[in-house]
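Participant: So you can see what is in the structure, the chains are spelled out below.
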Amino acid sequence: MARTVSTQRKIAFTAVAWILAMVIFFPILYTIITSLKTETEAIQGFRLIPSFTLENYVTVQTQRDYFKPFMNSVVISVGSTILALLVAIPSAWAMAFSPTKRTKDILMWMLSTKMMPSVAVLVPIYLIFRDTSLLDTRIGLTIMLMLINLPIVIWMLYTYFREIPGEILEAARMDGASLWGEIVYVLTPMAIPGIASTMLLNIILAWNEAFWTIRLTTTNAAPLTAFIASFSSPQGLFWAKLSAASTLAIAPIVILGWFSQKQLVRGLTFGAVK
Amino acid sequence: MGSITLQNVSKTFGEVSVIPSIDLQINDGEFAVFVGPSGCGKSTLLRLIAGLEDVSGGKILIDGVDATDKAPSQRGLAMVFQSYALYPHMSVRSNIGFPLKMAGMDKADIDRKVNDAAKILNLTDYLERKPRNLSGGQRQRVAIGRAIVRSPECFLFDEPLSNLDAALRVNMRLEITQLHQQLKATSIYVTHDQVEAMTMADKIVVLNKGRIEQVGSPLDLYHKPANIFVAGFIGSPKMNLISGAFAAAHNAHTIGVRPEHVTLSTTEGTWKGKVVVAEHLGSDTFLHVDVEGIGHITTRAGGEFTVKHGDTVFITPDPNRIHRFNDKGLAI
Chain S
437 MARTVSTQRK IAFTAVAWIL AMVIFFPILY TIITSLKTET EAIQGFRLIP SFTLENYVTV
497 QTQRDYFKPF MNSVVISVGS TILALLVAIP SAWAMAFSPT KRTKDILMWM LSTKMMPSVA
557 VLVPIYLIFR DTSLLDTRIG LTIMLMLINL PIVIWMLYTY FREIPGEILE AARMDGASLW
617 GEIVYVLTPM AIPGIASTML LNIILAWNEA FWTIRLTTTN AAPLTAFIAS FSSPQGLFWA
677 KLSAASTLAI APIVILGWFS QKQLVRGLTF GAVK
Chain Z
10 MGSITLQNVS KTFGEVSVIP SIDLQINDGE FAVFVGPSGC GKSTLLRLIA GLEDVSGGKI
70 LIDGVDATDK APSQRGLAMV FQSYALYPHM SVRSNIGFPL KMAGMDKADI DRKVNDAAKI
130 LNLTDYLERK PRNLSGGQRQ RVAIGRAIVR SPECFLFDEP LSNLDAALRV NMRLEITQLH
190 QQLKATSIYV THDQVEAMTM ADKIVVLNKG RIEQVGSPLD LYHKPANIFV AGFIGSPKMN
250 LISGAFAAAH NAHTIGVRPE HVTLSTTEGT WKGKVVVAEH LGSDTFLHVD VEGIGHITTR
310 AGGEFTVKHG DTVFITPDPN RIHRFNDKGL AI
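Which chain is which? The protein sequence lines are S and Z, in order.
With positions in the first sequence counted from 1, the corresponding number in the numbering used here is that position plus 436.
With positions in the second sequence counted from 1, the corresponding number in the numbering used here is that position plus 9.
No lab work stands behind these hints: they were computed from the structure.
Any given hint might turn out to be false.
Counterexamples of contact, computed for chain S against chain Z with all Cβ distances above 12 Å [said to hold, decoys possible]:
(1) R538
(2) V557
(3) I604
(4) V622
With the Cβ distance kept under 7 Å, some of the chain S side facing chain Z (calculated, not the full set) [said to hold, decoys possible]:
(5) E477
(6) E606
(7) R609
(8) G612
(9) A613
Here are the simulated DSBU-like cross-link-like pairs (lysine-lysine), alpha carbons at most 30 Å apart as the crow flies [said to hold, decoys possible]:
(10) Z/K317 with Z/K281
(11) Z/K110 with S/K537
(12) Z/K337 with Z/K317
(13) S/K537 with Z/K193
(14) Z/K128 with Z/K193
(15) Z/K68 with Z/K218
(16) Z/K139 with S/K698
(17) Z/K79 with Z/K281
(18) Z/K116 with Z/K79
Just so you know, even glycine gets a beta-carbon here, dropped at the ideal spot from N, CA and C.
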C-alpha cells in the first residue's frame, strides 16, 4: 500500500517537474519556432508548427553582421570574468581564511549594491563614460560588467574557499610546506573546481546582460544583446527575424552551458549543498 | 633524540586564559597521552607544541633546543589530525610522499620510502587511489603514513581515532601501539577517552581547565590518584565517591571506592541496597545500586553474578582499597 502511494507520488512529482520545466523552457522553444516561420506567419497568432524556412537566418546574416557583435560578446563576457576573478580571488581568499569581526558586514554591503536598480545610476554612469570616452568601447563595457558581477563572484568564491578545511592547510604546514608550497600544491588544486564554476556562471551572466550593454554602446562595441534589440526598430517589429537573431545570440551560451552542466549546478546551488 | 620540554607555557585567547602555566617533560621515545574532558586545553597544548598556535608565554624545547619561535615545518614534528586532513586531490602515494616532496627529496627516494611506509601500514594495494575511495580506517592509516614517512623526532596525534567506529578504534589503537614499539619515536597523543589513555600510554598527563592534575604511568594514576578529579576520570566504570558519615568514619572528607573493589552478596554485607539497573556484559556484570543513606553506587561483579532490577544486594568495600580525600579534594 505504502509502496504504491510512494510510486504515485513519484509520478506526480515527476510530472509537475516536467510541466514546470516546459513552462520555463517554452519562451525559448517558441522563439526557435518563430525563427523558422515567415514574417507573415509570425504575426498571424499562436501556431506551434512553423513552415521551417531558414530565410530569416539568411536575412539576419546578410542585413547585419553577426560576427562582430558575437566577438564583442565573447571579449566582453570573458574579459569581464577574468578581470572579476583577478580582483575577487584575493579578496574572497582573505575573507575566507583570515576573517575579522567585520567580514560578514563587508560581504553584506557588497551584496547590497546588487539590490539597487541599475537605472538609478544610469545617468551618472553614462556621464562618467562620456567624459572618459568609454562609451561604445569594449574596454568600458568589460569594466562595467566586471563591476556589476563582482559581488556575486566574491560571494561564490568566498563560499567555496570556506569549504576548504583549515586542518588541511595546517597539515601542509606540518608536512613542511612553505606558504608558496601550500598555495601551489594544496590550496589551488582544491580551489579550482570552485573557481571554474564561478567563472562559468559569470560568463553566462555577462553574456546575457542587456541593460548596460544596450545603453552604453551603439555600433563598435555592441554585443549580441544589442544585436537582438536592433531588430525591434522604429520601422516596425520583425518577429521572425528578431527570433532568429535571438536564437543565434543564445546558441553559443546554451551550448557552453550544456557541456558544463555539472559545474553549473554546483555553482548555482553554491554553499547550499555539500 | 626527541625529548620535549615545556617551561611555564601559557596560552590566552583574547581575555580568556586557556592554559595558565604548564611545566612538563616528555622523554625521548616515550608515548605520552594528554587526557581530559573536552575544553580542558589538551588540544591547544598539542597545537602549541606543533607550532600551529603561538605561545603567550614560556618556552618549548624540542630535543633541548628552544623551538618556541620556530615555524611548524621547522620543528621536525609530524601530526595526525582528527579529521585525517588528507589532500583530497592527491592519490594515497602523493599524500604519503608530500612531506618528502616538500623536503626536496628526489623521486626515486620518495618512491622507496612511500613503499616502505605503505608496507608497514598495509596500504600497498591502495597507493593509486584517492582518499575519497578509502574507508575511514584506511584514511587514518594514510594520515599515519604521511606522518611516519619522514621519520620525525616526534609524532603528535590529535584525537586520531574519534571518527572511527568502536570496533575499528580498538584495532587502530593496537596498531598505533605496535607502530610505536617498532619505531620507538616520541609520541604525544591527545584523547578524551581514558580507555585509550590507559591502554596506550607510557605516561599519562591528566588535564583539567588548562592545568595538569597529575602525571604518571597508567597504573600509578589508577592506584594512586592525586585528587578527586583524577580518581573520577581514570577507571571505567567511574569510581564511586562518597562523602558524609561514611567518609568521616575513615577520617576523610570524601572516600572513593572503585566498582571492582567491592564484594557483592545477596545475603550479608556493609551496605544494603536495591538494584536499579543490571548491565550483563557476559564477562562482567555492572550493577547500579541505590544504597540507603549513601545514594547511587556502581559495582562490578563477575558475569555469573545474576541479579535483576529490584533485587536486594549487599555491598562490602575492600578496606585496603579505599581512597581517602580531604576537603580540598586531595588524596590523603
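Participant: Against this structure, judge whether each hint is valid.
Facilitator: We went through each hint and held it up to the structure:
No Cβ of chain Z comes within 12 Å of the Cβ of S/R538; the nearest lies about 16 Å off, and the non-interface call holds. For S/V557, the requirement that its beta carbon stay farther than 12 Å from each beta carbon of chain Z is met, with the minimum near 42 Å. The claim that S/I604 lies off the interface is violated: its Cβ sits roughly 5 Å from the closest Cβ of chain Z, which falls inside the 12 Å cut-off. At the 12 Å boundary, the C-beta of S/V622 falls inside the reach of chain Z, the nearest C-beta of that chain being 6 Å off.
Of the supplied interface hints, the one on S/E477 is violated, with its beta-carbon coming no nearer than about 55 Å to a beta-carbon of chain Z, more than 7 Å. A cut of 7 Å between beta carbons decides the hint on S/E606: the least distance to chain Z is about 5 Å, and the hint holds. Given hint, S/R609 at the interface with chain Z, holds; its Cβ is 5 Å from that chain's nearest Cβ, closer than 7 Å. The criterion of a C-beta within 7 Å of any C-beta in chain Z is met by S/G612, whose closest approach is roughly 4 Å, and the hint holds.
Hint on S/A613 holds. Least Cβ distance to chain Z is approximately 5 Å, under the 7 Å limit. Distance hint between Z/K317 and Z/K281 is fulfilled; the C-alpha atoms sit about 15 Å from each other, no more than 30 Å. Of the supplied pair hints, the one linking Z/K110 and S/K537 is violated, its CA atoms being roughly 37 Å apart against a limit of 30 Å. With a C-alpha separation of about 38 Å, the suggested pair Z/K337 and Z/K317 falls outside the 30 Å cut-off, and the hint is violated.
For the proposed pair S/K537 and Z/K193, the alpha carbon gap of about 45 Å is over 30 Å, so the pair is violated. For the hint linking Z/K128 to Z/K193, the alpha-carbon distance of about 18 Å falls within 30 Å, and the restraint holds. Between Z/K68 and Z/K218 the alpha-carbon distance is near 20 Å, which keeps this suggested pair within the 30 Å criterion. With a C-alpha separation of about 20 Å, the suggested pair Z/K139 and S/K698 falls inside the 30 Å cut-off, and the hint holds.
Between Z/K79 and Z/K281 the CA atoms are separated by roughly 61 Å; this puts the pair beyond 30 Å, and the hint is violated. A threshold of 30 Å between alpha carbons decides the hint, and for Z/K116 with Z/K79 the separation of about 28 Å falls inside it, so the pair holds.
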